[in-house]
Amino acid sequence: MTGPPGAGKTLLARSMPSILPRMTIDESLAVTKIYSIAGLLPADTPLIRHRPFRAPHHTISHAGLVGGGHFPRPGEISLAHNGVLFLDELPEFGTRTLEGLRQPLEDGEVSIARSTGTLTFPANFMFVAAMNPCPCGYYGDPVRECTCSPSTITRYQKRISGPLLDRIDIHIEVPRVDYQKLTDERLGERSEAIQARVERAREVQRARFAETELLCNADMGPTEVRQVCVLDDAGRALVRAAMQQLQMSARAFHRILKLARTIADLAGSERIETAHLAEAIQYRPRRVV
Amino acid sequence: MLAKVNSCALVGLDGVLVEVEVDTSRGMPALTIVGLPDAAVKESSERVRAAIRNSGMFFPGKRITVNLAPADIRKAGPSYDLPIAVGVLIASEQVWTQAVEDALFVGELSLDGSVRHVTGVLPIAALARQQSIDCIFVPAADAPEAALIDGLEVIPVEHLSDLAAHLQGLRRSHPTSPAQRRPRWRPHRTRRTSRRSRARSTSSGRWRYRRRAAITY
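Each protein sequence line maps, in turn, to chains X and A. Numbering of the first sequence is given in this note's numbering, commencing with residue 30 and proceeding in unit increments. Numbering of the second sequence is given in this note's numbering, commencing with residue 7 and proceeding in unit increments.
These aren't lab readings, by the way, just hints derived from the structure by calculation. Each residue gets a CB set at the ideal place from its N, CA and C atoms; glycine is no exception. Any given hint could turn out to be false.
If you only want the chain A side, here are some residues facing chain X, beta carbon under 10 Å, derived [said to hold, decoys possible]:
1. L16
2. L19
3. L23
4. A82
5. H123
6. T125
7. G126
8. I130
9. D148
10. P150
11. L154
Label pairs and their computed distance ranges (CB to CB) [to be verified]:
12. X/Q132 x A/Q104: 47 to 53 Å
13. X/G137 x A/D156: 24 to 30 Å
14. A/D44 x X/D136: 26 to 32 Å
15. A/D156 x X/H87: 40 to 46 Å
16. A/V40 x X/P50: 48 to 54 Å
17. X/E221 x A/A171: 47 to 53 Å
18. A/Q104 x X/E128: 53 to 59 Å
Throw the hints in and build the complete structure from the sequences for me.
Shown next, in the form of structure tokens:
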């Protein structure tokens, strides 16, 4: 999420767990196991029922994020297993720390090798990050002028490497909220309603992968993508054009198809329509400068 | 005499069965722990000594050797206090029992003999189930966590003297019952009613009467 300060990026991220599907018993046990070992299990709750939400500060060390130590201990990414890992002010995190996220983002687990042996911790989390577009925070803002030089902006955005950005499926801009919207009597859709829709989509996916080991669209490999994400002629033309214009990688191509499949599931559609595909494509990253 | 008690080490997220062997022999009174212990495990000897004395039992004035097998896995943390204490009590013939063979012990001891919370009880209970051990003794604070694993008798331990009495069959401790296993959900209404009744009772002095009124509401 990119946007000026005070636009509500952190608020959006914090409300994320409330729309995620409820955990199954197996997921609960897996999360409880990690918290039990980390010594973070609250005394009055033997079993964790809510999806974890972890928001480490940007001064976190590499070992603190991915896990490690002399006796390897689970890091924040493992504590966010089956939940949300939120990194606020993404460019402020150390480069080495962020690059450590690459492998877990792909595999859903992290292997830590130490002299005492190699350990694998689960780390299947939803990665959510927020940042300002530039150091002053107002680049691209319609009201307030940005005071940064173009080179400063480029340097700021370069702090997050391309490979990491390539692994993020949904990039959104969070614009400033004006007075009209802020004082509007109408409320947005309730979290419970969205959660119900998400759970319905998960149900569809569970039925789709009933005979396999997969659980949801995100678990699909290239073979499954080929089977499940079938496009019509218009869709194929759209993806071809997008691939050329946005210079997308092979991974991005598969991710777009998976995302389009999920959007179609949420809409309750059996086929991937062109609109679903177009929505998935417009979530790809665009360099602001 | 030699005693063998089961306990558990944690490697990553998984438990590994550890056999705690305690041997007493004649010689200079001392307690030595071998089998790759870290600092917290080595210090365990001091806690065990004080806890046994302060629980109304005696600490044998013999040369005591404790081996944590397998000896190639590093043992960390204070959770070996309880199995070591049980091993010492059996080896010094203060506790006569066969019941420890199918049991697993974890717990940190306080100097007064009470048993404190340890981390990682859930994976330890999972290991016990997997190794078909019937019974697991855990700190009372961690019993609900261990009871999440089905098909395992979980016995909460408050104090070392309770455990000694239980093992000798003098005073049985009750396992954490299945009713306590799943977290109980209070219906939202009850909480609201009680909050309302509290508000009413504090606003009027007639607290008893008001409370009944609120419940029938």
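Hint-by-hint comparison with the structure:
no.	hint	in the structure
1	L16	holds (6 Å)
2	L19	holds (6 Å)
3	L23	violated (17 Å)
4	A82	holds (5 Å)
5	H123	holds (7 Å)
6	T125	holds (4 Å)
7	G126	holds (5 Å)
8	I130	holds (9 Å)
9	D148	holds (8 Å)
10	P150	holds (4 Å)
11	L154	holds (6 Å)
12	X/Q132 x A/Q104: 47 to 53 Å	holds (50 Å)
13	X/G137 x A/D156: 24 to 30 Å	holds (27 Å)
14	A/D44 x X/D136: 26 to 32 Å	holds (30 Å)
15	A/D156 x X/H87: 40 to 46 Å	holds (42 Å)
16	A/V40 x X/P50: 48 to 54 Å	holds (50 Å)
17	X/E221 x A/A171: 47 to 53 Å	holds (51 Å)
18	A/Q104 x X/E128: 53 to 59 Å	holds (56 Å)
In this structure, only the earlier hint numbered 3 is contradicted, and the remaining ones agree with it.
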